[in-house]
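Q: These are the residues of each chain, in order.
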Amino acid sequence: MSRGSLLLRMELRSNPEMLCVVRNALGQLAATLGFSEPECNAVVLAVDEALTNIIRHAYLGDVERPIQASFRRIHVPWEGQGRDALEIVLEDRGVTVNPKKMCGRALEDVRPGGLGLHFIRESMNTVEFSRRKGRNQLRLVKILHLHGPQKGS
Amino acid sequence: MQIAARHLDKITIFDISGDIDLATSPELRKALLREFRELRMPRVVLNLGAVRYIDSSGVASLVEGLKASRDVGSRFILFGLNRTVQEVLQLSKLVKIFEIYENEEQSVAP
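So the sequence lines, in the order shown, correspond to chains Y and F.
The first sequence begins at 1 in my numbering and counts up by one.
The second sequence begins at 1 in my numbering and counts up by one.
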């Protein structure tokens with residue numbers, strides 16, 4: 001798999017007030033790449049939920065810790081053919097994420113919380129967690145034009 | 001996010017605008033719990049027509065409001081959901097647990 005071309009890199013603090021800034025930038029980026037409006041909304045939701053998880057679980061609410069986000073256009077094998085895609089990698093230096101906390105919860109269980117990971121998995125084509133050199137890394141991939149090219153793209 | 005409260009007889013109507021996310025959902029949660037637990041309002045209606053975005057923390061606040069309403073025997077109603085908010089609620093599979101109407105007239109009807 002090619003590393004692809006870097007589209008955007010962000011370094012931000014783990015402050016919830018930064019979430020709307022990332023959402024606005026990412027929404028524009030996804031639209032520019034040719035994702036449909038529902039796909040743009042899905043990508044924005046996934047990244048917002050991932051950043052929320054970092055702030056709440058990796059940094060335990062500390063608003064001054066660093067988060068790195070990189071966005072690349074990549075080419076990946078998907079269902080027997082090569083496809084263009086948006087790859088998003090989020091890195092933090094927080095505590096190791098407890099795998100049990102990353103399981104989400106049963107949706108029939110009506111209670112607050114536990115929905116974020118479900119939203120991420122439903123919104124993206126690939127979701128991969130790893131821990132390297134003291135950093136948590138989350139890799140998200142959204143395939144471009146999975147349901148055919150959009151008008152005007 | 002901004003919250004503006006109106007009162008119609010024994011109904012509180014919250015007009016919500018902007019984004020409901022990790023930064024803003026605590027304010028919504030606090031407002032809802034106050035209406036149900038402290039003021040014991042028999043009906044609280046959320047106008048979500050001007051909400052641009054909601055995430056899981058926002059949905060969690062709505063679920064907490066719903067639970068508080070059930071605890072005190074009140075009604076908790078949502079209306080004016082745009083496509084983005086509807087999509088997130090449907091994704092949560094929790095859309096069926098809420099009492100949802102299209103407009104304010106239906107939401108405040110006896």
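Worth flagging that the hints you see were computed from the coordinates, not collected in a lab.
It should be emphasised that the depicted structure is a prediction, and the values quoted were computed from it without experimental measurement.
Some clues are possibly wrong.
Output of the computed footprint for chain Y on chain F, the stretches with three or more beta carbons under 8 Å from beta carbons of chain Y [stated by the list, open to error]:
| id | segment |
| --- | --- |
| 1 | 1-7 |
| 2 | 17-24 |
| 3 | 31-37 |
Partial list, computed: chain Y residues near chain F (C-beta under 10 Å) [to be verified]:
| id | residue |
| --- | --- |
| 4 | L12 |
| 5 | V44 |
| 6 | W78 |
| 7 | D84 |
| 8 | G114 |
| 9 | E122 |
| 10 | N125 |
| 11 | V127 |
| 12 | F129 |
| 13 | G134 |
Every residue, glycine too, gets a C-beta built ideally from N, C-alpha and C.
Q: Next, verify each hint and record whether it holds.
A: Results for each hint:
no. : hint  : in the structure
1   : 1-7   : violated (count 0)
2   : 17-24 : holds (count 4)
3   : 31-37 : violated (count 0)
4   : L12   : violated, 13 Å
5   : V44   : holds, 8 Å
6   : W78   : violated, 22 Å
7   : D84   : violated, 24 Å
8   : G114  : holds, 8 Å
9   : E122  : holds, 6 Å
10  : N125  : violated, 16 Å
11  : V127  : violated, 15 Å
12  : F129  : violated, 18 Å
13  : G134  : violated, 24 Å
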